[in-house]
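K.L.:
With these hints in hand, go ahead and build the complete structure from the sequences.
One letter stands for each residue in the lines below.
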Amino acid sequence: MSKMQLITKGLVKDNPTFVLILGMCPTLATTTSAINGLSMGLATLFVLVLSNMAISLVAKVTPDKVHIPVYIVVIATFVTVLQLLMQAYTPGIYSALGVFIPLIVVNCIILGRAEAFACKHNVIDSALDGIGVGLGFVASLTVIGIVREILGSGSVFGWKFITGDGILAFIMAPGAFLVLGYLMVLFNKYLVKK
Amino acid sequence: MMEILLIIVSAIFVNNVVLAQFLGICPFLGVSKKTSTAAGMSAAVCFVITLATLVTYLLNKYLLLPTGIFKVDLTFLQTILFILVIAALVQMVEIVLKKSAPSLYQALGIYLPLITTNCAVLGVAINVVTKQFTFGGAPHMLGLGDAVIYAFATSLGYGLAMILFSGLREHLELNDVPKDFKGLPIALITVGILAMAFMGFSGIA
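Protein sequence lines, in the order shown, are assigned to chains C and Z.
Going by the working numbering, the first sequence opens with residue 1, and the numbers climb by one from there.
Going by the working numbering, the second sequence opens with residue 1001, and the numbers climb by one from there.
Take the hints with a grain of salt, since some may be wrong.
Unchecked claim - Calculated cross-link-like contacts (lysine-lysine; reagent style DSS-like; alpha-carbon spacing at most 30 Å):
id, chain 1, residue 1, chain 2, residue 2
1, Z, K1034, Z, K1182
2, Z, K1179, Z, K1034
3, C, K3, C, K60
4, Z, K1131, Z, K1061
5, Z, K1098, C, K65
6, C, K9, C, K189
7, C, K3, C, K13
8, C, K189, C, K13
9, Z, K1182, C, K13
10, Z, K1099, C, K65
11, C, K189, Z, K1182
12, Z, K1179, Z, K1033
13, C, K9, Z, K1179
14, C, K189, C, K3
15, C, K189, Z, K1179
16, Z, K1182, Z, K1033
17, Z, K1061, Z, K1071
18, C, K13, C, K120
19, Z, K1034, Z, K1099
20, Z, K1179, C, K13
21, Z, K1071, Z, K1131
22, Z, K1098, Z, K1034
23, C, K120, C, K65
24, C, K3, C, K120
25, C, K13, Z, K1033
26, C, K189, Z, K1034
27, C, K9, C, K120
28, C, K9, Z, K1182
29, C, K9, C, K60
30, C, K189, Z, K1033
31, Z, K1033, Z, K1098
32, C, K60, C, K120
Hints listed in this document are in silico derivations from the structure and should not be mistaken for laboratory results.
P.N.:
Take a look at the structure:
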């Protein structure tokens, strides 16, 4: 697989949200607005790239029996770094995303890429793979966030185009499931090559 | 007594862990195709959430907080410590069950290893030590007893959502669904409607 393919495969062919169905909890919980979805995507991208690189480096010296605990500690370390950085520089977004920042540790995309890709490839390929899959996650979270924000509060990235409220249900829990379900239908119909 | 009742109702119905808080969605969608597997998974989750919350709450209080034995604020280690404790706990529960209750192990066996990555467990453990709750009073941190009751009630809510959804899903299998809606999309739309029904409970609190 060429370097370019590694970066672009996450967008449609191996899209983590719509094709692989991974990392559903943050996808549903944090996409109440476009900016929250985008921030959650970028936070996951950050951890994914760094943990992929670190794991591809330590994979050869890790005994097979303890490889999962080792990977989890590596991932948890980068999540803690991210938590401290966000607390310092973007406290507003950090409190908006709440418990879902520490929960990046148990996001199956990250452990999944570590097991399926990073432990068998070199550092550069693993980093590119992390960027590719991470960008796919960012893209789908942003799209879901935009749709929910338009329907739920009548605005895009905070820019309001109607007066008054939108359909509040789309900001709350039911809207998350409905929007993801219908977007998945559109994705299957128009983007997945049969 | 009143507060305990409020905690239980709020955790099961009003703030249902799956349908309102979006925790533990992956196993919720993954193992809900049959009611029997859904019930097995819920039982395993119930066991682990309650135990994990008890252990992480005590560790947080006596090791990480500045009032603990080290007299230093170590709360930045929360994420790492909690996930390790949960992973170790799941492993231990598995070993103990295998030795002492083989029939229960047979029933829960395949679900136990999956629970480490169930974000409901880590989510509840983190929530009870960092978030302020309002159960019919001013916002306050939960005490140990309340925290464990909250965790147990949350896992009951998880079981309720899981079993309801698996029943709906068994019926969906028999219906003629348009091609592009088959599988997960129609399941998600069903959960959306179920979540809408659960929104009705918010009047109680």
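K.L.:
Indicate, hint by hint, whether the structure satisfies it.
P.N.:
Results for each hint:
no.: 1; hint: Z:K1034 x Z:K1182; in the structure: 17 Å, holds
no.: 2; hint: Z:K1179 x Z:K1034; in the structure: 22 Å, holds
no.: 3; hint: C:K3 x C:K60; in the structure: 23 Å, holds
no.: 4; hint: Z:K1131 x Z:K1061; in the structure: 14 Å, holds
no.: 5; hint: Z:K1098 x C:K65; in the structure: 20 Å, holds
no.: 6; hint: C:K9 x C:K189; in the structure: 18 Å, holds
no.: 7; hint: C:K3 x C:K13; in the structure: 15 Å, holds
no.: 8; hint: C:K189 x C:K13; in the structure: 13 Å, holds
no.: 9; hint: Z:K1182 x C:K13; in the structure: 19 Å, holds
no.: 10; hint: Z:K1099 x C:K65; in the structure: 21 Å, holds
no.: 11; hint: C:K189 x Z:K1182; in the structure: 12 Å, holds
no.: 12; hint: Z:K1179 x Z:K1033; in the structure: 19 Å, holds
no.: 13; hint: C:K9 x Z:K1179; in the structure: 25 Å, holds
no.: 14; hint: C:K189 x C:K3; in the structure: 28 Å, holds
no.: 15; hint: C:K189 x Z:K1179; in the structure: 9 Å, holds
no.: 16; hint: Z:K1182 x Z:K1033; in the structure: 13 Å, holds
no.: 17; hint: Z:K1061 x Z:K1071; in the structure: 11 Å, holds
no.: 18; hint: C:K13 x C:K120; in the structure: 21 Å, holds
no.: 19; hint: Z:K1034 x Z:K1099; in the structure: 28 Å, holds
no.: 20; hint: Z:K1179 x C:K13; in the structure: 20 Å, holds
no.: 21; hint: Z:K1071 x Z:K1131; in the structure: 22 Å, holds
no.: 22; hint: Z:K1098 x Z:K1034; in the structure: 25 Å, holds
no.: 23; hint: C:K120 x C:K65; in the structure: 16 Å, holds
no.: 24; hint: C:K3 x C:K120; in the structure: 16 Å, holds
no.: 25; hint: C:K13 x Z:K1033; in the structure: 26 Å, holds
no.: 26; hint: C:K189 x Z:K1034; in the structure: 27 Å, holds
no.: 27; hint: C:K9 x C:K120; in the structure: 18 Å, holds
no.: 28; hint: C:K9 x Z:K1182; in the structure: 24 Å, holds
no.: 29; hint: C:K9 x C:K60; in the structure: 26 Å, holds
no.: 30; hint: C:K189 x Z:K1033; in the structure: 24 Å, holds
no.: 31; hint: Z:K1033 x Z:K1098; in the structure: 26 Å, holds
no.: 32; hint: C:K60 x C:K120; in the structure: 9 Å, holds
In this structure, every one of the numbered hints holds.
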